[in-house]
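A.B. asks: Here the protein sequences line up with chains A and B, keeping their order.
My numbering puts the first residue of the first sequence at 649, with every later residue one more than the last.
My numbering puts the first residue of the second sequence at 649, with every later residue one more than the last.
Fair warning: there could be bad hints in the mix.
No copy is singled out in the list; a pair is fine if it fits within one copy or between any two copies.
[What the hints assert, rightly or not] In silico lysine to any residue, SDA-like type, Cα no more than 20 Å apart, as pairs:
{"#": "1", "residue 1": "1045", "residue 2": "979"}
{"#": "2", "residue 1": "652", "residue 2": "1167"}
{"#": "3", "residue 1": "652", "residue 2": "1193"}
{"#": "4", "residue 1": "651", "residue 2": "1196"}
{"#": "5", "residue 1": "747", "residue 2": "714"}
{"#": "6", "residue 1": "953", "residue 2": "753"}
Hint data in this document are derived by calculation from the structure and do not stem from the laboratory.
Please read all numbers here as calculations on a predicted model, not as lab measurements.
Number of protein chains: 2
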Amino acid sequence: MSKKIVIVGGVAAGPKAACRVKRLMQDAEVTIIDQDTLFSYGGCGIPYYVSGDVSDESELRSTSFHMVRNEDFFLNAKGVTVKSGTRALAIDRKSKVVKVEDVASGEKQDIAYDTLMIATGSRPFVLPIPGADLDGVFTISDLHKAIEIKDRIAKGKVGKAVVIGGGAIGLEMAEAFKDLWGVETSVVEFMPQVLPRIIDSPIASMVTKHMRDNDVDIFLGEGAEEILGVDGKVTGLRTAKRTIEADIVIMAAGVRPRSEIAVDAGLQTSPMGAIVVNERMQTSDPSIYAAGDCVEVMHLVSGKKFYAPLGSLANKEGRVAGDNMAGIPSTFKGAVGSFIMKAFDVCIAATGLSLEVALAEGFDADVALTAPSDRAHFFPTEAIVCFQMVFDRRTRKVLGLQGFGPMGDGISARIDAAAAYIAMGASIDDFGTLEMAYAPPFSAAIDSINAIAYVADNLCDGRLRKTTLDSFLTWMEDLSTHPDWAVLDIRHPLEAGPCVDKFGADKWVAIPYNEVRSRYQELPENKELIILCDAGTRSFEIQSFLDGAGRQETLVLSGGMNMLRRMGIDWYPE
Amino acid sequence: MSKKIVIVGGVAAGPKAACRVKRLMQDAEVTIIDQDTLFSYGGCGIPYYVSGDVSDESELRSTSFHMVRNEDFFLNAKGVTVKSGTRALAIDRKSKVVKVEDVASGEKQDIAYDTLMIATGSRPFVLPIPGADLDGVFTISDLHKAIEIKDRIAKGKVGKAVVIGGGAIGLEMAEAFKDLWGVETSVVEFMPQVLPRIIDSPIASMVTKHMRDNDVDIFLGEGAEEILGVDGKVTGLRTAKRTIEADIVIMAAGVRPRSEIAVDAGLQTSPMGAIVVNERMQTSDPSIYAAGDCVEVMHLVSGKKFYAPLGSLANKEGRVAGDNMAGIPSTFKGAVGSFIMKAFDVCIAATGLSLEVALAEGFDADVALTAPSDRAHFFPTEAIVCFQMVFDRRTRKVLGLQGFGPMGDGISARIDAAAAYIAMGASIDDFGTLEMAYAPPFSAAIDSINAIAYVADNLCDGRLRKTTLDSFLTWMEDLSTHPDWAVLDIRHPLEAGPCVDKFGADKWVAIPYNEVRSRYQELPENKELIILCDAGTRSFEIQSFLDGAGRQETLVLSGGMNMLRRMGIDWYPE
């Protein structure tokens, strides 16, 4: 008799597993249950649908060969039955039955399974604040909501938008509103930076500056306290510090696993409600699999389970679940948490652990920063990119990498290579010799990823002593915080000159890079010198030289002016 | 007393090692000897200098902060002495002395060393054919030659160019001649494909087609037999098949290690003359290091030493040599042989072993091909990319990856991630779950690199049975080679129809992908069906279905029409 496979949830992991298991077991009866009528869509494409980059919602539900993935498609092309508009109410594990309800008619039914898979995904976290139920308040949770948001914009009903949450979806939605539709847009983020926990503050500052340069207002460290409305319709948002007018409010405050059905069935779940699975995507009931946004997976760096609701992981987990349901013992070992997003003209990406998370996880973590050229510096399309590498001082393992650069695939190349390497436990030394395919239009002979590994190597061995960007910026705001500090600016005199004029020669000493060897005796005594150049590389060379010359009271400003400029500083003389 | 470090060769590995060791040992006396007056340049940039993308040769000798790396720069900025125009004649290992000669004056001198490094690089292979010494015949070996080539073009002296050698430098030079200067350009390659041993024939065919589409003539399988001239000046090239007129001939037939000085000193070298070094870049004499194009390094896939003359490796090896000369036991473990190049509007890249090399090395090697979208298929900048994965059937290890796609960094991202993974010994299964940072503007939820791993997985487990591109193309040229074959075209009827019309319904059966489940009984009996779609993915689905339906006489055409179209086929009805 043919095996009955039932899959609850039809967005990403569910359909992937369904099609895979059907291919592997042509005689199996595979059924997907989804409460929605629109399913199997690319949810990550919603901001691009709202912006207009994707013109019709059906494109998000289509294959690459332009067939809409509806019930007929799954039946005819895949041999998979989809019961859409059907809500799964409960699992009876003893009788191996899923109790379902037709959403429209309320009619109930029992669906028997031999193997069950839960792919119920996530739901957006709705902040418990007054006004959350007003007309015009949206979460980004399904295609219907996306269609309505776009419809309102297209009809000219949205002049002002507020996004609650400066995570990836929040920022992508802000860009969608602003870039194509010219909507006056604000982002309110409770934490003191955008993209909290994903990237650390230096790169987050660059993102914030770039968003602001593109006329998106960003308010950091401000919680949303009340959504304001008149006659049931949203009119604005109140934070502790201000009231912002709005015709639409997007709540993008993260997502939570949708796992009630698993909890009710007595399956093991994490404290936050994610379903616990093994490497074969099996829950605590061997007949029930789970994958996608409703499960937690192993973090390959921290060695702990974590919650990583991403469509790309959902698909990979779904394939592994499909294999196992068909008797192929594939494994999904875990993830390193790779992240990437477009924000107007820039790209931001990360993999592994941020410094903040690494420290919280107990690593002896530190960071290297650098801001070199992304390809041969003589090649016309060359641009500056900024990278931060997080490493463990004791083991020399690379824990994470974050990058910021112009829009394109150049940052991808470094972050993806790092993700592969980090998943395999690579060290700083491995990164130093990582082989980025080299030709001048694509990379530098010493690629940016090698360069940052060199910085980490020099830091780890104590050859490079640095000040943090934070300490330096604090000092620039208030020179009394380090009365004994002075900058040693080794850039071209035309670059250094205006700073000397502004801050005075006792606080800002300018000696060009190639003159330090002959002029270092001019350096002030009894000062700790913060060595500053464009990317930080030359500063380290000068520090090494001064060490040899007996002038060891120096610190390098990693990443140099290239970093500072992208973070947006107001004290720099233009 | 300060240690004397002498480095012979000042292009890439030499300067890198010199500066590194000086930073680590500020009291060392570091001297670079180079026979040329122009040194420390980005040799890989020469084609872009000739094309005009790089306007002045000094840019190839400059730092990213626009200082020319001449003798003064090295002395003042780096504390390193460069003796340019000085040829190293011999090493007296007993007395620890290098005998040198001033190239201009002929004056000889002994330079004592405590530690010596050989970074003498490579020299172009000059074909032993008549006419190789004619005026107008160039190799791409140093900046002087590059300057003269560009000078001749700029002065209008070059109307027709012939490049001998279809390797990377040959193709880059051909593009330089053609693209910016409009020179009538031909490439003559002795082997039956361009980029031999680096990439396999399917991708090589795509490169050839793209070069020809851009009006570069490519002659394959034709050896250069004689360079023709009049009055000592080149006028053309004669092969076994034709004579091609030329005002300039570029000989780009590969390079050989420049290691005479090492051989004469009795250091261990390989049969081809590359200096043998250990992981610390030490030669058979512990006081002598070597790095760059004059050494051989370990291939991390084959486990054998190989010759990899690349500026990027030279720099990495140079840094390791610098560390070790200063007493830091860094290691350079080897390389996977990553390769990338721009050819007009496309990018070609590879890492690891090609199928040809893998088979020659004794692996149980096979290939997977696919041609999917490079990012979310609904994102406006989406494009088709072609990948070939080489894997070992017995161990399931990935041995190599080759890619072809539009110019940009998208191919880099996949090849660089693959290089990191392959260097760590990753398997097909690792590639299936490789975490490419995902957002629609950058990648697909199932990225192209995951997709090709899925193909390899299905091939390896015997679930996917394929025909090779070669067999299929041979059959299309002469249908009698497989009288029992027919195509099962599962594409849209508008795509399949013209082929049915042309080849007849007995040879070309068209049933759309989503109708096969209901119409498979229409399929002809006693035929082996070659299933054809755009990328190969749907074909596998249909093969799986037909297997379940008892119709197992099928083969998938991996890569499908997307591959065929890019290879340039003349039998396809337009």
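A.B. asks: Look at each hint and say if it fits the structure.
C.D. replies: Hint check:
1. In this assembly of identical chains, the alpha carbons of residue 1045 and residue 979 lie at most 20 Å apart only when taken from different copies (16 Å versus 25 Å within one copy).
2. Neither within a single protomer nor between protomers do residue 652 and residue 1167 lie at most 20 Å apart by alpha-carbon distance, with minima of 81 Å and 25 Å respectively.
3. Taking identical chains as interchangeable, the C-alpha atoms of residue 652 and residue 1193 lie at most 20 Å apart only when they sit on different chains, with a minimum of 18 Å there against 72 Å within one chain.
4. For the identical chains of this complex, residue 651 and residue 1196 are inter-copy neighbours only, at 14 Å across copies versus 75 Å inside a copy, given an alpha-carbon limit of 20 Å.
5. Taking the shortest Cα distances, residue 747 and residue 714 never come within 20 Å of each other, neither inside one copy (34 Å) nor across copies (71 Å).
6. Taking the shortest alpha-carbon separations for residue 953 and residue 753, neither the intra-copy value of 40 Å nor the inter-copy value of 71 Å comes in at or below 20 Å.
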